[in-house]
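K.L.:
For reference, the chains in residue letters:
Number of protein chains: 2
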Amino acid sequence: MLRLNTETRKVQIKKAVLDIISNEGLSKLSTKNLAAKVGVSEGTIYRHFNSKKEILLSLVEDVYTNLVVNQKTIIKSDITPSIKLFTFLCKQIKYLINNKGVTILLLSEATHANDSDLKEKLLEILKAHKEMLKLIVEDGINKGMWDENLDCDAFVTLYMGIPAILNIELILNKGTFNHENFCNKMFTLLERILKM
Amino acid sequence: MLRLNTETRKVQIKKAVLDIISNEGLSKLSTKNLAAKVGVSEGTIYRHFNSKKEILLSLVEDVYTNLVVNQKTIIKSDITPSIKLFTFLCKQIKYLINNKGVTILLLSEATHANDSDLKEKLLEILKAHKEMLKLIVEDGINKGMWDENLDCDAFVTLYMGIPAILNIELILNKGTFNHENFCNKMFTLLERILKM
DNA sequence: TACATTTGTAAGCGTTTACTCACTTACTAA
DNA sequence: TTAGTAAGTGAGTAAACGCTTACAAATGTA
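Residue numbers (the working numbering), protein chains in the order written: chain A, 286 to 481; chain B, 286 to 481.
Since the hints were made in silico from the structure, they are not lab data. Every value quoted in this text rests on a predicted model; they were computed, and no experiment measured them. One or more hints might be untrue.
Identical copies go unnamed one by one, so any copy, or any two together, can satisfy a pair.
In silico EDC-like links for lysine to aspartate or glutamate, alpha-carbon gap of 20 Å or less [what the hints assert, rightly or not]:
1. Lys470 to Glu416
2. Lys379 to Asp347
3. Lys295 to Asp424
4. Lys412 to Asp432
5. Lys459 to Asp400
6. Lys470 to Glu423
7. Lys459 to Glu409
8. Lys313 to Asp400
Hey, can you work out the whole structure from these sequences and the hints?
P.N.:
Structure follows, in structure tokens:
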């Protein structure tokens, strides 16, 4: 009977959640399936979390920390808007590829989660991304590098489509998909919109 | 006891499916909930379809007919590539707004449906859209209207992000979202990419 | 060593799931 | 009028769902 402390188990459980979501889909995320994936009994899951919903909430909390807080350091850094945008895109795509389940949570559950707490948190993450991106674009315009006539909000919306379509692209180009290549191509197109 | 023929009921049931998906989410699409929405008993659902899966398959078949086949008429029509692209975008967005559940099916289920038949059909619709769009772009390039150095595939990928992010935008801009405005804004950005 | 605390388990709880079936009701055509 | 058929019903199924609990085993501390 292997015994691990609750912090270690919590990490294991949340990792297993993302694993199940990305490989089997949200509908297969049952507590039974989850326990099996971690390698413990169902009771053990409830030793460390009070409910299934609490697991997802904790997971989304982690996403906020790892993705949003991390991205904020890019905004603050002292680099050109162009490199900022490129770095922002690359970091985001890299994170979402390494945590595929997150994209599904963000885009499926945010639109109609049963639980409004979870939905609110997920929308917060999306809004935070849009705001950060807007800061980068406005910075570039103010510095006279990008077109001041650009519709900033529209650009941000179009940008957000990139993470939204990522999972589909991963399936359609299975095998040949290249992370860096993808980022470069998307950035090239974005630059064409921004340029004066 | 209201009696309707099977064709009428099938239409009702599939409409109810989209209704539930867009208003309550995929997880609430139970046969019990579905029967209640249609206003019949659960047994009646199984009088017209053999399984829940069969309902979804038939629904996706309809989407292919109504969306893909319809879009093909745009490709064949005798208008400039620019207007073709705009019409293509508008028709697609309009359809997805009127059938919100379709977007969720297309993008959530296509990535990890349990049923591979359904997944395959959904991916087919996505591929068909990409191919049609590619034809429009290549036409524009060949006619010397758009930049020949453009990465066609990358453009198509970026475009597909628009329907992918649509549902999120509908929630984030609830109340103020305007269909025509959205299409115009997105098209303006796309044109900036395409221009020489 | 003694004992409290933390972690893990197996069995089982009530509810919901997709689906079935024996039966009833409405329509159609001979 | 009657017989055949298509459509609808309500009670039921086994399996899966999220979750609980009584108890056992490992660990920390005295």
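K.L.:
Which of the stated hints cannot be reconciled with the structure, identified by number in ascending sequence?
P.N.:
Those not satisfied are hints 3, 4.
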